[in-house]
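There are 2 protein chains.
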Amino acid sequence: MHQSFNPTVRTLMGPGPSDVNPRILVAMSKPTIGHLDPEFIRLMDEIKAMLQATFQTKNELTIPVSAPGSAGMETCFVNLVEPGDKVIVCQNGVFGGRMADNVKRFGGEVVLVEDEWGRAVDPQKLEDALTQHPDTKIVAFVHAETSTGVQSNAAALCALARARDCLTIVDCVTSLGGTEVNLDAWGADAAYSGTQKCLSCAPGLSPISLSERAVSAIKNRTTPVASWFLDLNLVMGYWGEGQKRAYHHTAPVNALYGLHEALVILEQETLAVSWERHQRNHRALKAGLEAMGLSFIVPEDERLPQLNAVTIPEGVDEAQVRQQLLQQYNLEIGAGLGALAGKVWRIGLMGYASNPKNVLLCANALEAVLSQYNAPIHKGLATGAIERAYG
Amino acid sequence: MHQSFNPTVRTLMGPGPSDVNPRILVAMSKPTIGHLDPEFIRLMDEIKAMLQATFQTKNELTIPVSAPGSAGMETCFVNLVEPGDKVIVCQNGVFGGRMADNVKRFGGEVVLVEDEWGRAVDPQKLEDALTQHPDTKIVAFVHAETSTGVQSNAAALCALARARDCLTIVDCVTSLGGTEVNLDAWGADAAYSGTQKCLSCAPGLSPISLSERAVSAIKNRTTPVASWFLDLNLVMGYWGEGQKRAYHHTAPVNALYGLHEALVILEQETLAVSWERHQRNHRALKAGLEAMGLSFIVPEDERLPQLNAVTIPEGVDEAQVRQQLLQQYNLEIGAGLGALAGKVWRIGLMGYASNPKNVLLCANALEAVLSQYNAPIHKGLATGAIERAYG
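These protein sequence lines map, in sequence, to chains A and B.
If you count by our numbering, then the first sequence holds residues 103 to 493, one letter each, in order.
If you count by our numbering, then the second sequence holds residues 103 to 493, one letter each, in order.
Calculated directly from the structure, the hints in this document are not laboratory data.
This structure is a prediction, so every number in the text was calculated from the model and none was measured.
There may be inaccurate statements among the hints.
Since the list can't tell identical chains apart, any single copy or any two copies may satisfy a pair.
[Unchecked claim] Below, in silico cross-link-like pairs of lysine-lysine (PhoX-like), each with a Cα-Cα straight-line distance of 25 Å or less: (1) LYS188 to LYS239; (2) LYS321 to LYS206; (3) LYS132 to LYS459; (4) LYS150 to LYS160; (5) LYS227 to LYS481; (6) LYS132 to LYS481; (7) LYS188 to LYS227.
Assemble the whole structure, with the sequences as input and the hints as a guide.
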């Protein structure tokens, strides 16, 4: 016979999921109501309004996809890419590669614009690719690369795409709520995110937003969308205005309770204060880790405050260190992915988890464990550096 | 400013979501851990084992898809259907139609075998279609039609398909946990379900199971799967054996806590006792409703105990009745779908919600509300009939 599951309480400072605010855990445990209940329809409307505020957009089609971030990505690609469409994908990490895979599966032709892992997308390279491929329909890039901790200049990249009348698809999985996302100011056409990063919600939902231009491109498709579940022509009917909702799938009711509460929490804090908090805690962690002699792989002006890619000291078995952190301190940090596997740790300071207690814990737990392995670090300096950084 | 959401406590006796067992609500509110945490990997293994027991199968590839039932359906079709494949779809309600839509989106050719809404799939019609279309690759049908409350003979339909060397895809969304599902005895190749019906879990996950024959068909595809998120070649790596799991998407951690608890509860009750409970409460509800003069549209031997399609008395505004039930008694029952819209109510007795208290409440709340509208029903007889039915 199996037993009920009682997870150990961890501190989640990896690339996501991040620590979930207890208010959100409570919200998810409220009694389930029907997905066609008038109260649930009101909940849907409030979620849409708060997501619009978070994405900083007036886009009517701003909703959570009923599945994790990868499904939000797929929703954007499967609806906007038609067979034969040329799509420029800017790749500077794992998730750009996944975008290219999406394009190919839906019959599109990929033009890859590559940048080094750990660097922002170079707008000049995109400009060159657009000149070389004037028949491009879509430009896709990752705003916040979760695999490297890099932030690209979304405003600049969207502007280049718009100047050539291309649609844009922007991955905001790790940025939304943690650093500024402003779809309307950028002129972005499609963006997707996840709930398990800076919204501090459980994983399982993917907020997306599509501009009128994108919606009109979907409505004018000449081929059917290669998905029933993610076909926005159908999903729009389910999430449409007022009481006239057409049954599509069954929404994940309790997960949406959680997202609603996450958005209420963010509204109470305000976006600006949340972004500043993420910056402040990042600077403190950086001070602590640098005092120990660790360094960041991303240049300072391209760094994401919520995802810190830190180089691993010489001679250290990085997996063993992560295991020790988990076993001794119940602290989770992330491994490197793809080209950076074995080269960096990824330390998240996302949403609820971006706080001084976690900064202090992480730096000192790392110091304690690295000392066990005789890693070449400076000891006893992290806490003071962190304290000074908070000022 | 938006406020935290506090749903009214409803009794969910529609076609799903059904009432969620409070143990499951508590489970979903436990602290989130990472999706690569060793404890989470143990949880995944236990969920797989308990799902195998519930589907009565040894299929290795038995996992929950990280999205609602419609995504489980799509997972089966997008992985098994290749462009040009001939697929026989048996349609006797809404969900067979959805299967046909899936087939077309993935480039397959649909042969539709139609039966009346409210009747089981006729094996003879399938036999005839198989004879007429010897090049059929896949046979798809719905075991338990949620839109009509009909149960088809899955064993017989699978046997016919196997005799012609066809793969089968079986919709078990509403049957799993409530009536017998026995994939190995049937010889079914792919089945999908949902968590929000007889498993009494919140909506958002879709348990699926695929036979070795199905897995080998997927591995031998000559065209790529038209989905990254649902590509089982990738998902299998994530849900694979032991600690060697390849990162794919981020699993909905807390929703999986809920499914785990649902499966523990079902294991404790045992499948046989659960099926018998669904039968017993169905018989009692039937006795109560028939005493009032209401009737069922499905012939007795094709009826699902967990989903009761009941005809609406003459001259009654069915939507108004449902609204009154919700407002006065916080009781949700379902409307008819598709061809049965406006003709039936769908009353669910699913999982945790299948209990004598709900039977008594539903029959008497219906009597009270129908009396307000002077509907031609017999009053004062339901409770006695229910009592006698429980014996």
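- request: Have a look at LYS188 and LYS239 and pick one of within, between, both or neither, based on CA distance no larger than 25 Å.
  value: Cα proximity of LYS188 and LYS239: one copy only (6 Å, versus 34 Å across).
message: At most 25 Å between alpha carbons: which applies to LYS150 and LYS160, within, between, both or neither?
response: For LYS150 and LYS160, only the intra-copy Cα distance (10 Å) is at most 25 Å; the inter-copy one is 43 Å.
25 Å Cα threshold - placement of LYS206 relative to LYS321: both (21 Å within a copy, 19 Å between copies)
query: How would you label the pair LYS132, LYS481 (within, between, both, or neither) given a Cα cut-off of 25 Å?
result: Intra 46 Å, inter 36 Å, cutoff 25 Å: neither.
Homomeric proximity label, LYS227 with LYS481: Cα distance no greater than 25 Å: neither (43 Å within a copy, 78 Å between copies)
task: Can you give me the call for LYS188 and LYS227, within, between, both or neither, at a CA distance of at most 25 Å?
output: For LYS188 and LYS227, the Cα distance is within 25 Å only inside one copy (17 Å; across copies 46 Å).
- prompt: Checking LYS132 and LYS459: alpha-carbon separation at most 25 Å within a copy, between copies, both or neither?
  reply: Between copies only: 21 Å across chains, 29 Å inside a chain, cut-off 25 Å.
Hint check: violations occur at hints 5 and 6; the rest are consistent with the structure.
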